[in-house]
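S.K.: Those protein sequences? They're chains A and B, same order as listed. Sequential numbering of the first sequence, starting at 1, is according to full-length UniProt numbering. Sequential numbering of the second sequence, starting at 1, is according to full-length UniProt numbering.
Since the hints were made in silico from the structure, they are not lab data. Bear in mind the structure is a predicted one, so any value in this text is a computation, not a measurement. Worth double-checking, as some hints may not be accurate.
Unchecked claim - One side only, chain B facing chain A, incomplete, derived with CB under 10 Å:
1. K13
2. L17
3. E20
4. E42
5. I46
6. D52
7. L54
8. K73
9. Y75
10. I79
11. I86
12. N87
13. K128
14. E129
15. G133
16. L145
Even for Gly, the Cβ is constructed at its ideal location relative to N, Cα and C.
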Amino acid sequence: MTQNTQLLKGILEGCILEVISINPIYGYELSVKLQEYDLNVSEGSIYPVLLRLQKKKLIKGEVKKSPNGPNRKYYYLTEEGIKSLEDFKENWNKIRNQVDNLLNWEELE
Amino acid sequence: MKSKELIRLNNEKREKLTEENRKYYEKILIYIRVSLAKRELETEEILSELLDHLLDAQYKGKSAKEVFGDNPKEYADEIVRELPKINLKDTMSLLSSGLLVFIASALLFSGIGDLFIYFVVDLNVLTKEIFIGSLLLESILSIILATTLLYLIINFIKWSIFKNLKSITEFFILWISGMISVGLFMLIFWSIPNFGPTIKIHSYVMILFGVIIFIGLLINRIINKRKKDKIIE
């Protein structure tokens, strides 16, 4: 597990940025969305990531009053967040192709 | 929303948790709150987010363990690591007001004590001779001791939260360390000889200075609070 965590951390950050970019969202909703995509992360693990993304100023939280239920902190992408997400997508595509090539070397030969 | 409001809401909402979930959540809560030098508003915001999430999950039949994992300490550590630290300015103002409270209380206690001895026991004089050298050394040593003790207590709390100690054991450890602390303070004041230049100071003057410092701190606090409220609005 530990050898995967570093890699997964970065990927999880990218996925969270992507989900937030679609719609401003609060923590619980975000965890539900991630699970809809079968992303196998424990629900709680999104919060350290959200804090980290806020520290990097990639996302911003805003507490909104809601008529029913408690006030929720909604997360938005900042300008830097939008840029970072684009970078992530680009890097991801590159790495995915490279790794796919490497893992499928038998077929290519 | 201000931290105080968030703390109040948190207290209310925690009541809705099941016994098991509440125990788990409160461990995380205490551990994160006693972690030093973290910005208060951000700390309370994440605590209320975690609580809201847990309430939603509980409603769907999930337990705190399923949401935050089997190891609450590791999870709380992760949160603490990512929380923003308080800045230098706030640290300095926190330290200096702590120091001023310390000085003002020392002046008040000493002044009132002398008055008490003078009027009730009829033993003392109202003018006190103070050895500046001893006073400085005593103050520095007690500040160092107090800081160390605070640091140790916080770490003891953080360590004991996830240990499930029996409350008797916990009480005993705290009692022993309390006795040792008092002993150490007494040792400082008794073992340091009189040295350095002396000044004479009247008990009423000491009390007056103590009161002035306290009033100053109070005014400062009110002004700061107004400023903060304005920023938030």
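S.K.: Now tell me, hint by hint, if it's right for this structure.
M.R.: Checked hints:
Here the hint on B/K13 is kept, as its CB sits about 7 Å from the closest CB of chain A, short of 10 Å. Taking 10 Å as the C-beta contact cut-off toward chain A, the hint placing B/L17 at the interface is violated, the least distance being around 13 Å. Hint status for B/E20: violated, given a least beta-carbon distance of 16 Å to chain A, over 10 Å. For B/E42, the interface hint holds, since its Cβ comes within 10 Å of a Cβ in chain A; the closest pair sits about 8 Å apart.
At its closest, the beta carbon of B/I46 sits 6 Å from a beta carbon of chain A; the interface hint therefore holds under the 10 Å criterion. Because the smallest distance between the Cβ of B/D52 and any Cβ of chain A comes to about 5 Å, under 10 Å, the interface hint for this residue holds. A least Cβ separation of about 9 Å between B/L54 and chain A falls short of the 10 Å threshold, and the interface hint therefore holds. Here the hint on B/K73 is broken, as its CB sits about 13 Å from the closest CB of chain A, past 10 Å.
The interface hint given for B/Y75 is met, as the beta carbon of that residue sits about 6 Å from the closest beta carbon of chain A, less than 10 Å. The restraint placing B/I79 at the interface with chain A holds, with a minimum CB-CB distance near 6 Å, inside the 10 Å limit. Nearest Cβ of chain A to the Cβ of B/I86: about 14 Å, over the 10 Å cut. The hint is violated. Restraint check, B/N87 versus chain A: the minimum CB separation of about 13 Å is more than 10 Å; hint violated.
Taking 10 Å as the C-beta contact cut-off toward chain A, the hint placing B/K128 at the interface is violated, the least distance being around 52 Å. A least Cβ separation of about 55 Å between B/E129 and chain A goes past the 10 Å threshold, and the interface hint is therefore violated. Given the 10 Å rule on beta carbons, the hint for B/G133 is violated: about 47 Å separates it from the nearest Cβ of chain A. Taking 10 Å as the C-beta contact cut-off toward chain A, the hint placing B/L145 at the interface is violated, the least distance being around 35 Å.
Hint compliance for this structure: hints 2, 3, 8, 11, 12, 13, 14, 15 and 16 are not met, and every other hint is.
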